[in-house]
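Protein chains in written order, with UniProt numbering: chain Z, 1 to 322; chain V, 1 to 322.
Be aware that one or more of the hints could be misleading.
Copies of the same chain are indistinguishable here, so a pair counts whether it falls within one copy or spans any two.
Mimicking BS3-like on lysine-lysine, the simulated pairs with C-alpha atoms at most 27 Å apart in a straight line are [as the list claims (entries may be wrong)]:
| hint | residue 1 | residue 2 |
| --- | --- | --- |
| 1 | Lys211 | Lys192 |
| 2 | Lys57 | Lys115 |
| 3 | Lys106 | Lys15 |
| 4 | Lys230 | Lys15 |
| 5 | Lys156 | Lys211 |
| 6 | Lys57 | Lys106 |
| 7 | Lys156 | Lys173 |
| 8 | Lys173 | Lys31 |
| 9 | Lys103 | Lys115 |
None of these hints come from the bench; they were simulated from the model.
Number of protein chains: 2
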Amino acid sequence: MATITDVARVAGVSKNTVSRYLNNRGYISEKTRANIQDAIDLLHYQPNQIARSLFTKRTNIIGLVIPDVVQPFFATMTSKIEDELDRHGYKMILCNTMHSSSKERKYLDMLTANKVDGIIIGSHSVDINYSDIRAPIVALDRALSDDIPIVSADHKTGGHIAAQAFIKQHCKKVEQFVGYSKVRTPSVLRHKVFAEEMRDHGIQSFTYELKLNEFEFSSYLQIADDFLQKNPDVDGIFASDLIALAMQKKALELGRKIPEELLLFGYDGSFVYQIAYPSMPTIIQPYRELAQTIVSVLLKRINGEPLESMSYILPVRSSEEE
Amino acid sequence: MATITDVARVAGVSKNTVSRYLNNRGYISEKTRANIQDAIDLLHYQPNQIARSLFTKRTNIIGLVIPDVVQPFFATMTSKIEDELDRHGYKMILCNTMHSSSKERKYLDMLTANKVDGIIIGSHSVDINYSDIRAPIVALDRALSDDIPIVSADHKTGGHIAAQAFIKQHCKKVEQFVGYSKVRTPSVLRHKVFAEEMRDHGIQSFTYELKLNEFEFSSYLQIADDFLQKNPDVDGIFASDLIALAMQKKALELGRKIPEELLLFGYDGSFVYQIAYPSMPTIIQPYRELAQTIVSVLLKRINGEPLESMSYILPVRSSEEE
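Start from the sequences and build out the full structure, keeping to the hints where you can.
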């Protein structure tokens, strides 16, 4: 393993000059820079990033705090965010809170202790004061605090697009499945727009609130079975993809015709909705653009640059448009 | 933000004593230890982990290198591995190689430069010499090198269980879908056992090798459509869950009866197979146990403890057993 002394010897300069080159400090001629870089390449020298971090006060590490990477929405966001951070020279520590408030708090302490350069939060524990965290933060689809910028998809348009499908099909009684209401998220706007449009078109609409700990597909299947048996007159369901997929499977098992007798419309649009037969319409979130915006806003925060806004809303589209 | 000086003052000891306590160095009385910990708790003191890392030569960071966290097998493994690492006080940097050999190499360099304590590798680029990496490594379902321990599910039994289903259904012509053959993985054992049992029972069996860059669900749907149209006489398909799910959807679109006319059997058993209607049988990998074994083997490597074996094979089960 090559050391900084080896690099200095091969480049024909002092250790101090190599150190200044690595830390981008002080004047070094173009020729000397080239010599040092040639020596680094030749020797496959790897500067100790820990020692560098103490000097530069940067770790180039970002923490991503989400409920669980198994959920396709978070898996897709994690993949795109990791890719985007990598393009900007950042690494990502992944923290799955598993919807546990104590685990989330422990993770936030850990990320602070490790001096991460910034944190992206897609979870939300009701009893954490996010403004107390000293690292720059960006929220993914969560209203954490007035002083924390938020990036989300355009829930209002998502609710509107879905509503049109139920109106077109002349549904009479529609159920919306919504997340645990104490978690503050802009998805409430989607539900509100949807409910308003149902009301305006004389369609009965009801809301089913999921509990905080209901997030496994097997529990969605149970909820679906129970709901469909008790509500045979519901002819439309608007829910996030996994719940809509569980409803479709259970409805087919019960012999219901999809979509003639029961229209299912999803929300999220990661790859899983494509598994369904008959095809299930959904709202596709702009994963790549969400990741790009989150990383760009976070880097501005880290570098102390001003933000144009504290809220970034990105356009969604219907899977039917494809 | 509390400093080490604050902790020393509140605990009534010297800064040096607090530092010795934090680094678990030299004798400190039980009473003094308790006083220091009380002061740390009272002040919410966060030791700078970067400074500690330089002293302890430990970062408590593990790198996880996988092709893409969007794939349900890797999403589930990532979630379980992260949870297991967290239980042992380790953090995880997630690296998605997106099946790019240059990205994988860059990640391995980055993890080395950041002095991670160990690396878990679930990807496999054919032109990387993994033995050259100085950090302790454990391989997830990949044969990287003779000196790198490997943890995988029992592919042989998986192949055998699936084979029994095709025999029982009296299939005549069966197709296996296998990964890119240049990636060295114990899954070849599954395919071998399966093909042998087909032959022994007079069932024709063929193999379709996927390309390295074919890993998105939309490309699986295209492969399925193309394959089913060209091979109307194939009455059985054994493939990993996502491919089997794509086959099921396209077969249903083509009006084929599942499973009477076409038996589909999956492999992986993350939540996605449960989306299928009609239900799709699959082999369920032992995700939790795989994660526990990987982390336990890696920690032994990190601590310089001897391993009982270089290969750990964990039992699978059929989804039909449930």
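Going down the list of hints, with the structure as the test:
no.	hint	verdict
1	Lys211 to Lys192	within (19 Å within a copy, 46 Å between copies)
2	Lys57 to Lys115	both (8 Å within a copy, 17 Å between copies)
3	Lys106 to Lys15	between (40 Å within a copy, 25 Å between copies)
4	Lys230 to Lys15	neither (76 Å within a copy, 66 Å between copies)
5	Lys156 to Lys211	within (23 Å within a copy, 41 Å between copies)
6	Lys57 to Lys106	both (23 Å within a copy, 23 Å between copies)
7	Lys156 to Lys173	within (21 Å within a copy, 51 Å between copies)
8	Lys173 to Lys31	neither (75 Å within a copy, 68 Å between copies)
9	Lys103 to Lys115	both (18 Å within a copy, 25 Å between copies)
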